[in-house]
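From first to last, the protein sequence lines are chains A and B.
Position 106, counted from 1, in the first sequence is what the numbering used here calls 106; the numbers after and before it change by one each time, with no gaps.
Take any residue in the second sequence, note its place counting from 1, add 557, and you have its number in the numbering used here.
What the hints contain is simulated information worked out from the structure, not anything from laboratory work.
We put the beta carbon where it would ideally sit given N, CA and C, even for glycine.
One thing to keep in mind: the hints can contain errors.
Stated by the list, open to error - Which bits of chain A does chain B cover? Going by a derived footprint, with three or more residues having C-beta under 8 Å, they are:
hint : region
1    : 113-119
2    : 177-190
3    : 391-398
What the hints assert, rightly or not - Which residues of chain A face chain B? A few of them, derived with a C-beta cut under 8 Å, are:
hint : residue
4    : His194
5    : Arg195
6    : Gly250
7    : Leu385
8    : Met387
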Amino acid sequence: MSTTTTTIVNLPDQRTATLPKRHYLNNEDGLLSWLFTGDHKRIAILYLISITFFFFIGGAFAGLIRLELLTPQPDLMASDTYNKMFSMHGIVMVFLFLVPSVPATLGNFLIPIMLGAKDLAFPKINLLSWYLYVAGGLFTLAALVLGGVDTGWTFTTPLSTHYLNTNVVTAATGIFIAGFASIFTGLNFIVTIHRMRAPGMTWFRMPLFVWANYAASILMVLGTPVVAISLVLVALERTVGIGVFDPTKGGDPLLFQHLFWFYSHPAVYIMILPGMGVISEVISTFSRKRVFGYTAVAFSSVAIALFGFFVWEHHMFIMGVSNYSALVFSLLTMLVAVPSAIKIFNWAFTLQKGSITFETPMIYAFAFMGLFVIGGMTGVFLGALGMDIHLTETYFIVAHFHYVMVGGMLMAFLAGIHFWWPKMTGRMYPESFSKLSAVTSFIGFNLTFMPQFILGYLGMPRRYHVYPPEFQVLNVLSTAGATVLGVGFLLPLLYLGWSLKYGAIAGDNPWQATGLEWQIQSPPITENFTEIPIVDHEAYDYDWLAHKTEQEVTTVG
Amino acid sequence: MDNALVATHHHTDETAVHEEHEHVVLPQHRHHFETEQQQREAGTFGMWLFLLTEIMFFGGLFFAYLLYRNWYHDAFVAASNQLSIPLGATNTAILIGSGFFMALGVWAAEVRKKGLLVLFLVITTVLGFAFLGIKYVEYHEKWEKHHIPGEHFDVSEFVNPQAYGLKEQPLAPDMAQKTQVFFSLYFAMTGMHALHMIIGIGLLFWLTWRAYRGEFSSGYVAPIENFGLYWHFVDIVWIFLFPLLYLINRHPGS
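Hey, can you work out the whole structure from these sequences and the hints?
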């Protein structure tokens, strides 16, 4: 496709934009119309509110952890309290924020619209999924209020089954229930993508965001039940004393780790893949170019999902697994870097000769690319057997997965929230504030976690709250960075809330993006489309958009 | 890139099929599906995916069984011999029978025979209860013999089988302890299976009530079909559990 005619950036004049009279937000009124809704867009908003709530709870734990680590001595809390802090931080952030973050909010909102469907295949199951999520969240909160849980988010046996007297069963129940919320979301997405595409929406015309969520959904459907059964066995071991993981009865604690990581490593890709989908959309839109190597990017999502199932043992290299299997898993782990690199290179080529503008989503996307590369590359270090023995269970690991999860996923989540905010609410966020917050989070993030790479390399173990005084400088840097990062994450909450009432009216397509979701009114009507679209163009076809805009006959939305 | 196509909305094959269907819209048809066929296919596809999830759920247990059976072969053989083949075989027959009547129920729904559908669903439910009853008898026996894992678990029957009138070779005390792993898995696996049966029976009551009210007598059979898939899946899990727990390697000499 030619790029000459499409590179002219001509964003619509927003002063003439108006809010539509009827849309999904004001179609019905009252709390009950939200609590019993079957509308995927409203469920997405419900999810957005609840995961934001849990994000700030998990963030509060992170703040307390960093505050404690400001000094080498245990000033703020005792060691068992500290154990509870990092456990609850991990449980809340992983199971209640990261896993549902992009799929359950943006995915729920956008996938049916991107496919040209009126809703997900099973609206009631979608609502059930949110209720299960809330129930899981309440169980986790109950575990917290009753005194916390201190197993770490990994529930490692026999620690979790024999040595601790905290609320393991309550927290495990919460995760079990929230797991089914995730299974139902994934199931709904897969069925919708297979069966509900509009006429002409072939598999290779789907936006890459849909491909990425499809791959993540496969992981949700196949991986989550395995962690469910392993947590059931832990709970049974604690309550009635069966002996599947109990070494005194002949059970093998390592088996728990095999089962747990069989889910929890793919879970990492459940968290990151939808974020990669967001980045594909944002990069293409603000470069005004079709994503380079569309097919490769689409298949690399599926490849990551596939490889993701065969790398779990790298979490147990130091735990007495066979050397030969460690060798195989080390190799397989490094293979994941290939499809990830395919994505990064293709995004870079998308940028090349594009007409790039630096709106907030694009800044977040750039942050994602840089931070994800660091997080991903350090993952390759950790996949190498020799390095892993040196670095495992140190702050190097902590820094590594925070670069992927926070630097990668959270940045992608924020990119997506800003990008689709006009579509979801009909109003623009304030551009200057949001740019400030994007830059603040980027600086704060690096300041927090870059020192942790060095700390880990020097040998500071994770999950301890007392450390030798020579590590203090780096820890102070990290805590200072966490403060900046906290401001960077708090700002969007404030100005996005403000924009709900005072933001500029966005109009249908403020970014001049090509996706189907931008061709309908913002906010959309409950049924998304007045007439089911017939798709006759590829994804990211800016020629089609320019052509369409020229001849467009205004229709009543 | 022909925009005229969008505007004129040609009648393709797909839309023709769609319009043909429109005059038979049923109350169960959900607004967001274009056709009823699409709705039915989506429902069945969703059910198969859910069963895939269930396979992975039981897969964890089967994996654990595989591992420990290899490690503690003698203990697993001795403990496996404690299970009653007649009861297990009866239960297998009952479950296959219940699956048979469920399949007949799907047929009855498809040919819109309300009375037969209710009858077959009731027979399916009764057989489900029979299975759980026999399972209760088996569990109760384990309870009396102190073969429930936990504090009261008793290995004496495996250390000294002659005293209990068994012909087996005695196990060394540490291997005898490993029978507890077998029983842990036995209860976890059959317990999970029984839980699925109980959920299934709950759903059967609900479906029977709806069938009795005639909801499935006008050609809308998706709930019956999809429940049938679930019920057969629960059967199949048992078809794997029965040989693995009861039958495999009954002769310690072999």
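The hints, checked one at a time:
Here the region 113-119 of chain A counts 3 residues with a CB under 8 Å from a CB of chain B, which clears the bar of 3, and the coverage holds. Evaluation of the coverage hint for the region 177-190 of chain A: fulfilled, as 4 residues show C-beta separations to chain B shorter than 8 Å, against a requirement of three. With a threshold of 8 Å between beta carbons, the proposed coverage of the region 391-398 of chain A by chain B is violated, since 0 of its residues qualify and at least three are required. Taken as an interface hint, His194(A) checks out: its beta carbon lies about 6 Å from the nearest beta carbon of chain B, inside 8 Å.
Proximity of Arg195(A) to chain B holds as hinted, the smallest CB-CB distance being about 4 Å (cut-off 8 Å). Interface hint status for Gly250(A): upheld, as the beta-carbon distance to the closest one in chain B is roughly 4 Å, under 8 Å. With a cut of 8 Å, the hint placing Leu385(A) at the interface with chain B is violated, because the nearest CB-to-CB distance is about 24 Å. A cut of 8 Å between beta carbons decides the hint on Met387(A): the least distance to chain B is about 29 Å, and the hint is violated.
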